[in-house]
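As you go down the protein sequences, you meet chains D and F in turn.
If you're matching positions, the first sequence starts at 1 in our numbering and goes up one per residue.
If you're matching positions, the second sequence starts at 1001 in our numbering and goes up one per residue.
Heads up, some of the hints might be wrong.
Claimed, not checked - Short derived list, chain D residues pointing at chain F, Cβ under 8 Å:
id, residue
1, Leu-21
2, Leu-23
3, Asn-24
4, Gly-30
5, Pro-45
6, Gly-111
7, Tyr-133
8, Phe-134
9, Phe-136
Claimed, not checked - No farther apart than 25 Å at their CA atoms in a straight line, the calculated lysine-lysine pairs in the DSS-like style are these:
id, chain 1, residue 1, chain 2, residue 2
10, D, Lys-90, F, Lys-1010
11, D, Lys-95, F, Lys-1170
12, F, Lys-1170, F, Lys-1216
Don't read these hints as lab results, they were simulated from the structure.
For every residue, glycine included, the Cβ atom is placed at its ideal position computed from N, Cα and C.
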Amino acid sequence: MNNLILVNIIRFVSLLLIQVLILNHVNLFGFINPMIYIIWVFLFPLRKNKTLFLILSFLLGLSVDFFSDSGGINAAATLFIAYYRLPILKAILNKSDIDYLLFNLRGISFGKAFTFILTLTFIHHFIIYSLEYFSFSSVSTILSNTFSTGIFTIIISILGIVLFSKKK
Amino acid sequence: MQQLIYFIRKFRYFLLFILLEIFAFYFTIQHHSYHKSKFVNSANFVSGGLYNKVNSINEYFYLKTENQLLNEENALLKNLLEKKKIEDFKNNFSSVIDTSEYAQKYEYTIAKVINNNYTKRNNSLTLNKGSKNGLTQDLGVINSKGIIGVIKNVSSNYATVLSILNNNSKINVRLKNSNHFGTLVWNGENYNVLQITDIPRQTNLKKGDTIITGGKSSIFPEGINVGVIKDFTIENNQFQKINILLFNDMSAISQVQIVKNLQKEEQQKLEQKTLNE
């Protein structure tokens, strides 16, 4: 039990540091900076206290905001996907009740896990870019940024999850 | 009462979600408005300190270019000094120099950029100096090649800068060869290309004209380099889109200077007085 808390704290801090010190300065093709800190939201255990999960997700987003001078856009987007994580997972798995205790992202089929990550990433990126541009006239820029950055976030997230989590 | 408690218990996660989202949106809206000091910024102890640590390693990779820039600026200043000597020599025969008439208008401080972003819509920089070194809000930031931005938030050891690559940045500029003024803005596309709006239509523009800061604002001194005109379109006798190619490479900035206008208060007081009359 303590082990789980420790793992999540380490994951929180290391993802935050990787995001603000490395990935915010990647500038792939001139403008793509993958946002991989949301892996923390994908991997947080389902059975844990939901209040704590929402507050921590908000704090994770806000920490990224502090480092990148972006107001509260990361906080808003991360909190949003944290709140809608469970309904989306239920819809993808086609079940009304999930075995909360034993649930593990590596335990479900790759296709379903991929759909889960893809949906949450695109929702998250769309909120981020909408709030950053903050105008209806730049819808095309928002969509193209969401799409291009989203692809790289998904690739890196999946690689990271496959490499650094244990298969059960 | 019972009903209310039941309601709150039933929707407690949703209420928490809404509450936190309101906080996040409040920070975002505050971020989008210019004249507000902000709670969420990187000029705090933790993020500023961390960026400072990382930058102390990174700066070694840019030593060569920085030395080059420094050397170029030294040569420029030495040339100016030599020209000044000639002028002094000419003037010495006819006039008396009265030093009591001179007053220093601008004061420059140096600082180092410890965090820089330029790919987002609203970009900002973090500097390694703060209110301890005399920095305050609304001071101009430049380097040897041109303007960089305006200081936005200050903590005791760090400061954040509103980059010219920002939706909220509006800087008064003019043509070097005429006195027509315009406003420097950025459309968010290419970090080397900025735009000028509000330029009067009788202006005679040419491709390659140099743009400098106009002396209208109390932040920047007049005549600091900005860039050259890249291209422009004319519709209905109005300039529609004037693109400026920056002298500065906004993606590689390390050493900067901060301009403090010592007569700013006097100027603003006078302008305020005139407005009120």
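Verification of the supplied hints:
no.: 1; hint: Leu-21; in the structure: holds, 6 Å
no.: 2; hint: Leu-23; in the structure: violated, 12 Å
no.: 3; hint: Asn-24; in the structure: holds, 7 Å
no.: 4; hint: Gly-30; in the structure: holds, 7 Å
no.: 5; hint: Pro-45; in the structure: violated, 16 Å
no.: 6; hint: Gly-111; in the structure: violated, 29 Å
no.: 7; hint: Tyr-133; in the structure: holds, 5 Å
no.: 8; hint: Phe-134; in the structure: holds, 6 Å
no.: 9; hint: Phe-136; in the structure: violated, 14 Å
no.: 10; hint: Lys-90(D) / Lys-1010(F); in the structure: holds, 20 Å
no.: 11; hint: Lys-95(D) / Lys-1170(F); in the structure: violated, 53 Å
no.: 12; hint: Lys-1170(F) / Lys-1216(F); in the structure: holds, 12 Å
Checked against the numbered hints given earlier, this structure breaks hints 2, 5, 6, 9 and 11; the rest are met.
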